[in-house]
Amino acid sequence: MQHTFVAYVEDKPGVLNRVASLFRRRGFNIESLTVGHTDQAGVSRMTIVVDTDEFGARRAEANLYKLVNVLRVEDVTNQASVVRDLALIKVAADGNNRTHVMQLADVFRARVVDVANETLILEITGTVDKIDSLVDVLRPYGIIEMVRTGIVAMRRGSAAADNRPPRVAAQVPGEPADAAVSYSV
Amino acid sequence: MKRTGAQMIWECLLREGVETVFGYPGGAILPAYDAMLEYPSIHHVLVRHEQGATHMADGYARASGRVGVAIATSGPGATNMVTGIATAMLDSSPIVCITGQVGSKLIGSDAFQETDVTGVTLPITKHNYLVTRAEDIPRTFREAFYIAQSGRPGPVLIDITKDAQQSTAEFDWEAAAPRLPGYRPDLRALPSEYQRAVELINTAQRPVILAGHGVLISGAMRQLAEFAEKTSTPVALTLLGLGGLPASHALNLGMMGMHGEAWVNNAIQEADLLLAFGMRFDDRVTGNLKTYAPFARKIHIEIDPSELNKNVKVDVGLVGDLREVLDELLPEVAQNEHADWLAHIDEMKGDSAVRDIQNLPDSGQLFAAHVINDLWRLTNGEAIVVTDVGQHQMWEAQYWKHEQPRSLITSAGLGTMGFALPAAVGAKFACPDQEVWVIAGDGGFQMTMAELATIAQEKIKINVAIINNGYLGMVRQWQEFFYERRYAATPLFSPDFVKLTEAFGLKGMLVTERGQVKSAVDEARAHPGTVVMEFRVEQEDTVFPMVPAGADLNAMIRRPKPEAEVTAVQTEVAAVQTEVEW
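Note that the protein sequences, when read in sequence, are chains A and B.
Residues 1 to 185, numbered by our numbering, are exactly what the first sequence covers, in order.
Residues 1 to 582, numbered by our numbering, are exactly what the second sequence covers, in order.
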């Protein structure tokens, strides 16, 4: 089954490569991987979807933690969470069927973000299923181009504080605390 | 104080307590080598190949428990290190590799001797760094040394651009404390998991401890012995666990796995509780996972959480440093006898002993196992033995009785041929007062024998035993068992090892008969310099018992009993193979 992980990582060169390499190296197939900044400087957040069983998911999580630059990992697969994918879809739509396409877009709460003589670009945000459905109904009109972001996920409710990476003090026992440096990543 | 990046490298090494480094200079690391002359208290060993440098650092680390350091230049210098780094990775050995890199402006341009070394070594290092600014050097080194030796140890590589070595910045060691918010080498198990473990231990009838490298790394030798004695639990050891419990200890069963003795593997298969102490259920240890220890509950104590449930599903996983976990468990577990179980294992030993090569009639021929067993006795078992990979490695594990931790250094996980000679150089620098023996095959020795020049240049004393059977013996054994004796590319020409050794200015000796072994070994030990001894042994000798790859752990090919016909081996192979799906 598909497992969705949220990983907080240090925003350093090569970290994406380390994460991607880990999944490849351990024989996991990445379905989707997104990465972007968080509200904390120096911390990026990844949403990774992997098709694996429960043991595989635990192994993936443990191996992610082994990466020195990974701060925190959460498996949100079975958590109440908001999961969103975004797609831009360029559809063939001229004067004859433009209205039909726009009506379909409306039903799916998609937005028209570009109109040309022969095409429309729709922007849709939602679950993977919802976007797949829109793609299906648009296909007969002719999809010229499509791009999807891959999913991002966030747990519902007030667990937000819990979601943050732990504040970590100096790592080495007995090391003098470095007052000039913030460890609040 | 202001320092160049090159000077900082040595300042950092000094502060990390490094006394010896193993390296090879080249263009991109030249600034660091130039600065080295200002730091004469660090001894630099010039190797003959960068792979040798990494194995030396590895051998140094394994013999001493401290971080070993290897240095190389960019491009080919760095890629030559790859085998040594992977070896250290799979055997959890703490080494730090320093490589030069082309100037930061040239990175990505396919410049002369440019390789993406951090990319190449990413999956075979515990962590690696690319440093492009001198001011980042101190923190990087502190982090690298800390990561290499904490938690589950492993290799860390630092790639430093030439301009970072050449430029000048403020060097402030104190201010450069590691900043590793995501690194957790000190995870602990929950108290509830301890309780569950204690219940299983106290109710077990047929327990077996599987002791691995973690015993040595954690320094849990005393705790292991106390635990085994209090609970009367026999101890099977992995190859890297040898020495974790004295071989003479009544509860020590010996090595488990592919070439473990029959009683060890049978005990594991019959056990009702396996206590895995700092080991990782490698396929060479478990055989067929589907039929592995079918009656046993499993408790796994391991510092690396990703090892839990990786190969073998366990009932209780205790994450943590083995010594600390055993200290927690020891007062909680009940005194126990397990008299029937121990007596049963003793019975199984009796069956195996009649098949032991040492009980075979002395035909005057030289058998490798005899040589190795003789070496053990003649050195009073007090030497550090560094083995290569292959048949001799398994015979060493079977016939050298290790009483002390860190008295066996060998490439287990990666099985790196050519490891022994350079690793022994590292071990000798780590423990200069100890006798160091290399046991290598004729194949593996030829892979890295150029390091004899390093030995000659450094004027160190090592004793080398080449077990020469004229074949790549272990591969030949597989061909004998599983490929109808079709010896493809295993017959092996060797140079005259005596003359070869003499060409390096060292002493060479040839031994061809069992009767010569004692006097030759005595002479070699008494010689002040390095001696290379070639033992011409029986060519088609075989390591028994053997669990074929992927077979059930108790489906062993056994040494035929002395009175049996020669064809008995093939009968044994056939009997086992019928049970195996290939």
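Hints are not guaranteed to be accurate.
Unchecked claim - Okay, the calculated beta carbon distance ranges per label pair:
#1 A/GLY14 x B/LYS290: 38 to 48 Å
#2 A/ARG25 x B/ILE42: 53 to 63 Å
#3 A/ARG109 x B/ASP283: 22 to 32 Å
#4 A/ASP114 x B/ALA111: 12 to 22 Å
#5 A/ALA41 x B/THR168: 22 to 32 Å
These are computed hints drawn from the structure, not numbers from a lab.
None of these values were measured; they are calculated from a predicted model.
C-beta atoms are modelled at their ideal positions from N, C-alpha and C, and glycine is treated no differently.
For the hint 22 to 32 Å, verify it against the beta carbon of A/ARG109 and that of B/ASP283.
violated (52 Å)
Assuming the hint says 22 to 32 Å, is it satisfied by the Cβ distance from A/ALA41 to B/THR168 or not?
About 29 Å separates the Cβ atoms of A/ALA41 and B/THR168, which means 22 to 32 Å holds.
Confirm or reject the claim that A/ARG25 and B/ILE42 have a C-beta distance inside 53 to 63 Å.
violated (35 Å)
Falls inside 38 to 48 Å, the C-beta gap from A/GLY14 to B/LYS290?
holds (39 Å)
That 12 to 22 Å hint for A/ASP114 and B/ALA111 (C-beta), does it hold up?
Distance hint for A/ASP114, B/ALA111 is violated at roughly 44 Å.
The structure does not agree with the numbered hints 2, 3, 4 stated previously, though it agrees with the rest.
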